[in-house]
Amino acid sequence: MYFWQFLDVIYTIQSVILKENIVKSFFSLLIAVFFFHLTIFAQEENPDSVVVSTKELQEQIEQLKLHNESVNEILLDMKSYLDIARKLKFTGYMQTQYQGSNGIGSAQYPIGNFAGGTFPTNVGSRFQVRRGRLKVQFENDLTFSQYVLQFDVTQNGLGIKDAYINIKDPWVKSWNMRMGVFDRPFGFEVAYSSNFRETPERSRMSQTLFPGERELGAMIEFAPEIGDWTNYNLKLGVFNGVLPTANENDNSKDIIGRAGFIIPFDEINFAFDGGVSVYQGSVRSNSKFIYTFNESQKLFLVDSTTANAGKNYERQYFGVDGQMIYDIPLLGGISIRGEYDFGSQPGTDGSNVFYNSTAPLYQRKFYGYYVSLLQNIGTKHQLLLRYDVLDPNSELEGSDIGAPGKNGKIGDLKYSTIGLGYLFHLDDNVKFTFYYEMVKNETVNSGVAASSTLAPYKTDVNDNVFTFRIQYRFPF
Amino acid sequence: MKKFIAIILLFSISSLLFAEDVITVKGSDTMVILAQRWAELYMKKNPEVTIQVTGGGSGTGISALINGTTDICNASRPMKPSEKQKLKHRFSSLGVEIKTAKDGIAIYVSEKNPIKELTVQQVKDIYTGKITNWKEVGGIDSRIILYSRENNSGTYVYFKENVLDDEDYSPSCQNMPGTAALVNAISKDPNGIGYGGAAYAKGIREVPVKADENSSAYLPNAENVKSGQYPITRFLFMYVKSKPTGAMKEYIDWILSEEGQSIVVKVGYFPLR
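Listed in order, the protein sequences are those of chains A and B.
Residues in the first sequence are numbered consecutively from 14, following this note's numbering.
Residues in the second sequence are numbered consecutively from 79, following this note's numbering.
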């Protein structure tokens with residue numbers, strides 16, 4: 014009697030717990046047979062009961078076999094759904110933060126506009142959900158196609174970050190074709206995910222040249238995983254040339270490309286990566302007033318021909334970037350990254366973010382760069398130092414801005430920023446970032462009138478920002 | 079500001095100084111039994127060291143290394159450039175590759191299957207779906223049932239790149255979660271064919287494999303794998319983030335020692351020397 018109860022228990026366990034594993038089902042069967050033999054041994058004194066038990070046991074074994082068959086059928090059915098589920102990936106991360114400034118948000122000048130968004134007037138500290146990303150990917154590994162959709166949810170609402178289709182060539186599997194909204198292929202920092210990036214935000218240069226990082230367009234990429242070309246990569250794309258998810262506003266398309274290389278020295282755990290990038294595009298002016306800078310006179314000269322409205326003006330960048338890593342024994346890896354970009358940018362009087370407005374168009378030559386140093390200490394700690402510079406008008410000095418007879422604008426001010434940071438990786442999901450950035454603006458001519466919009470820039474504005482950020486990412 | 083930096087430095091240095099001798103190992107399912115045997119014996123000889131071994135597949139192990147959640151990653155395939163790139167971004171390191179053993183990828187069939195031998199080309203044609211009946215390769219007139227591993231498996235990737243020449247697996251392949259499950263399925267399926275580490279070939283039959291039509295066929299045994307006559311061989315790797323030091327270095331040195339390599343043989347793989 015006890016034996017049958019035990020067998021029932023095994024049967025139940027098998028049905029409920031071990032359904033997914035045929036091997037385990039057979040293991041249960043083996044246990045049953047083992048106890049069957051024990052029972053025979055125990056019941057030798059009563060041969061009649063042995064005959065009955067054997068019969069019943071055989072029936073039970075048959076039942077078990079049938080049960081296994083049915084489990085197999087269920088498993089096969091489940092497997093088809095599981096195969097689909099395996100192709101579907103959900104990943105995401107959230108960045109919540111507290112920020113404090115040594116200044117107070119003002120209507121006259123922005124604070125924190127390159128540190129996660131301008132502080133509202135009279136506000137010197139704030140909590141934010143800086144990024145709340147959810148990425149859905151579906152990959153068909155037979156046709157090498159990929160669907161990617163990424164949302165960003167913050168206190169400001171819901172936005173689309175990535176929305177593209179990627180198709181890999183089925184022959185050599187080194188080429189990708191991508192179409193939709195995705196990162197512009199320029200430099201290193203623009204395409205370096207905020208999930209992994211050590212600084213809370215990209216440099217002022219990257220944010221100015223590529224606001225939102227992404228863009229609507231199509232791109233081909235050469236990125237071999239095997240063979241002799243694995244240390245080279247190439248990206249070349251055609252884009253609308255407006256804001257990430259904005260509709261096209263002219264008939265010209267912008268071309269963006271980067272050619273990169275990797276030089277690894279595995280024996281000493283040292284590597285140098287680099288690349289050169291080009292942006293060749295234009296923007297359409299919605300105004301007839303076109304300001305171009307005359308370097309010798311240190312003046313913007315205006316052309317107000319009516320036909321200027323609707324014309325396209327050059328947006329052209331060139332860039333070089335390099336990243337060096339070296340694993341320092343006993344301490345941890347060190348990384349030095351740098352990027353230098355220059356070119357011509359159509360903007361407005363108050364901003365050198367590319368022109369997408371109805372205001373008069375200002376054409377400027379700019380340069381910018383950043384250098385960052387990242388030191389790992391063990392696997393959990395990182396120390397960080399970054400210096401970045403953006404001079405939106407490389408032909409104009411700060412002292413000329415606001416000088417008598419000159420017409421330099423706020424959008425011509427050069428900025429430099431020193432950032433110091435510490436990162437602590439609690440586990441594979443959670444990362445803490447402490448980052449302090451000291452922002453220094455170019456000072457304008459001391460003779461600027463107090464009533465002028467340039468007046469706050471006679472000295473360095475109080476706009477340093479401290480950020481404490483917690484990031485949670487999944488799966489990992 | 080100075081206080082802030084000092085606290086951070088103290089915190090970082092103290093966490094390094096008081097680190098325990100706990101070594102975590104994660105990755106290849108092919109290597110999991112081998113890694114467990116290594117760990118058991120080493121811990122018996124060095125009770126002050128704790129070694130935690132888990133499987134999950136080479137891809138999973140490499141991800142864990144990139145995320146800093148394992149000290150050692152076991153992998154039955156080399157790291158891909160994209161994976162090295164991620165390691166570089168997270169730790170500013172290329173990682174260190176250590177060859178720990180050799181393995182012959184065995185081609186399994188049921189004991190009831192009369193097939194005598196296969197060429198590498200035939201194996202490729204079978205797995206890419208060009209050959210679908212056993213009679214095309216000297217067997218009985220019966221459909222070939224393909225069993226494979228899942229794509230997070232290093233064995234899957236190695237087989238695809240080195241046997242299928244990076245061509246795609248036939249869509250009719252049934253992907254099994256581990257080599258043990260694959261072997262179990264083939265043992266019940268007279269028309270089945272599968273592949274996996276030689277150490278797993280229990281209860282089914284290994285098919286002798288020829289490099290080409292003009293070569294001799296070899297079984298994936300110690301002699302043939304070491305000599306390179308068996309045509310489908312590979313290294314089994316360990317990856318660590320940085321050049322190993324301290325307890326981890328001692329452990330890896332022991333794995334590469336004569337004693338550590340003797341475990342390789344006992345588990346069914348092949349030593350480096």
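Treat the hints as calculated values from the structure; they're not laboratory data.
Incorrect hints may appear among the rest.
Subject to a maximum C-alpha distance of 20 Å in a straight line, what follows is the list of computed EDC-like cross-link-like pairs (lysine to aspartate or glutamate) [to be verified]: (1) 186(A) to 267(B); (2) 419(A) to 316(A); (3) 321(B) to 280(A); (4) 102(A) to 69(A); (5) 164(B) to 316(A); (6) 102(A) to 228(B); (7) 186(A) to 214(A); (8) 181(A) to 245(B); (9) 164(B) to 440(A); (10) 100(A) to 337(B); (11) 92(A) to 195(B); (12) 266(A) to 316(A); (13) 327(B) to 413(A); (14) 123(B) to 337(B); (15) 238(B) to 182(A); (16) 164(B) to 362(A); (17) 158(B) to 413(A); (18) 213(B) to 301(B); (19) 177(B) to 90(A); (20) 158(B) to 440(A); (21) 164(B) to 327(A); (22) 213(B) to 291(B); (23) 266(B) to 413(A); (24) 202(B) to 154(A); (25) 158(B) to 286(A); (26) 301(A) to 327(A); (27) 238(B) to 241(A); (28) 186(A) to 244(B); (29) 164(B) to 413(A); (30) 288(B) to 267(B); (31) 266(B) to 154(A); (32) 177(B) to 413(A); (33) 208(B) to 239(B); (34) 208(B) to 189(B).
**OP:** Enumerate the violated hints, using their earlier numbering and listing them in ascending order.
**Re:** Of the numbered hints, 1, 4, 5, 7, 10, 11, 12, 13, 16, 17, 18, 19, 20, 21, 23, 29, 30, 31, 32, 34 do not hold.
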